[in-house]
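The chain contents come next:
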Amino acid sequence: MHLRLWPLIPVSVLALLAIPATWAQASIGVGIQAGPVLLSGSAHPGGSYALTPVYVVNTGTQPETIALRVERISTGNGMTVPSSWIRATGTAVTLSHNQSARIPLELAVPDTARPGRYFSDVVARGSGAIAAGSANLAVAAATDLEFSVAPGVVSGPWLSLPGWLLPGVVGLLVLAVAAFVIRSSGLRVRVERRSASESGEEQ
Amino acid sequence: MPASSRAWRWGLPLLALGLAGCGYSSPPAGAGHSASVNLSLTTVPTIRSVTVSPAKANFSSCSGGKAQNNTESTSTKLGFPNGQCWVGSLGATFPITITNTGIASQIDVNGASAVPSDDITEWSLCNVGSNPFVACSGRNNDLPGKDQYLVQNFGPYRENDSGLTDNPRCDQEFDRNGRCWAMQGSSETEGIKLTGPYQSSDNSTKWTVTITWTPVP
Numbered sequence: 021m022h023l024r025l026w027p028l029i030p031v032s033v034l035a036l037l038a039i040p041a042t043w044a045q046a047s048i049g050v051g052i053q054a055g056p057v058l059l060s061g062s063a064h065p066g067g068s069y070a071l072t073p074v075y076v077v078n079t080g081t082q083p084e085t086i087a088l089r090v091e092r093i094s095t096g097n098g099m100t101v102p103s104s105w106i107r108a109t110g111t112a113v114t115l116s117h118n119q120s121a122r123i124p125l126e127l128a129v130p131d132t133a134r135p136g137r138y139f140s141d142v143v144a145r146g147s148g149a150i151a152a153g154s155a156n157l158a159v160a161a162a163t164d165l166e167f168s169v170a171p172g173v174v175s176g177p178w179l180s181l182p183g184w185l186l187p188g189v190v191g192l193l194v195l196a197v198a199a200f201v202i203r204s205s206g207l208r209v210r211v212e213r214r215s216a217s218e219s220g221e222e223q
Numbered sequence: 092m093p094a095s096s097r098a099w100r101w102g103l104p105l106l107a108l109g110l111a112g113c114g115y116s117s118p119p120a121g122a123g124h125s126a127s128v129n130l131s132l133t134t135v136p137t138i139r140s141v142t143v144s145p146a147k148a149n150f151s152s153c154s155g156g157k158a159q160n161n162t163e164s165t166s167t168k169l170g171f172p173n174g175q176c177w178v179g180s181l182g183a184t185f186p187i188t189i190t191n192t193g194i195a196s197q198i199d200v201n202g203a204s205a206v207p208s209d210d211i212t213e214w215s216l217c218n219v220g221s222n223p224f225v226a227c228s229g230r231n232n233d234l235p236g237k238d239q240y241l242v243q244n245f246g247p248y249r250e251n252d253s254g255l256t257d258n259p260r261c262d263q264e265f266d267r268n269g270r271c272w273a274m275q276g277s278s279e280t281e282g283i284k285l286t287g288p289y290q291s292s293d294n295s296t297k298w299t300v301t302i303t304w305t306p307v308p
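Same order as they appear, the protein sequences are chains A and B.
Using this note's numbering, the letters of the first sequence map in sequence onto residues 21 to 223.
Using this note's numbering, the letters of the second sequence map in sequence onto residues 92 to 308.
If you are wondering where the hints come from, they were derived from the structure by calculation, not from laboratory data.
Errors might be hidden in some of the hints.
[Claimed, not checked] With the Cβ distance kept under 8 Å, some of the chain A side facing chain B (calculated, not the full set):
#1 Gly51
#2 Ile123
#3 Pro124
#4 Ala158
#5 Asp164
#6 Ser168
#7 Gly172
Computed from a predicted structure; not experimentally measured.
Note that the Cβ used here is the ideal one computed from N, Cα and C, for glycine as well.
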């Protein structure tokens, strides 16, 4: 009977050794794209713009819910971006170990915005925290946010034309010119229909 | 010159030009099938990230407070006034490991107001020293006053004497060369010293304190 238990002893010892190792390696981590979040072109007061979605990754071993917020941390030139100007269009994302996601952001510039260069940081903050006694240890990661606001109110939506409209109008104009040219040249195309009896008589 | 004749003279070339533009171009003589080669390229990761991994650690070795008022600290409970608790110990143990797992970045650290379990009156962070961000209002401005507390992180090489602030600031434990610059893979071990308020308006006995490390450009 005792002999049957012998093989279990090494397995139990290995299991006991492995459990504390797993605990010791438990970590929390958050990553964000190193490249700045930019807006192609300039923004205008009163306009709304979709920024490039921000890449975030969970670099820890624990699942993490990551949310973005705008905060000025790093040094840079420009006016601070009010956090109310930036909206995360998606909700916070929950990521497991090494999982990544892209979180879309929208820039909404108020009518009263001052023209000029703006600078802040987009901060990815993890909700997960490791409790060390009564202290929660947390992680975040930041990347730059840069854009410019040009003077002048953004164009109204009634001025924005669909992309197919201009080529369509040009095509119609070309056809109209062609029709006018043919008409004024005196060219006539005459279509005649002849009955079968007439054809037979001719034969 | 009759009108119809003028129209022919100008109209036909224009029409021919337009029709020619609408046509397709045949491949040049001698052009064969195209060939392509797929080449793969691997780049280094461009992610800014940090990882925190404490070993088993607790606020412990609490001391201070006033025995006459029955508010003296116990080993794991903070007392009043101005009790102190530790995660790790100065010059000896540093249970928290902070690792820069992304590209070279500045490592900042910040605290936040301590939140009581009833969520009514928080303790705000304060600082000591010659140039405090928010001055502690306790004795000689060296100790937290009412509803204030002080968090100082320390490592094997130095202690953050002035204390953490609400805003992310250079983690001085990474500050070996006058800047908090950490290369990929570099890590520091740290501990935490917490000094409680002179007096607390909130009667909660459970509080949440959060310390955050952030890599910034």
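Violated constraints from the hint list, given by number and in increasing order: Hints 2, 3, 6, 7 contradicted; others consistent.
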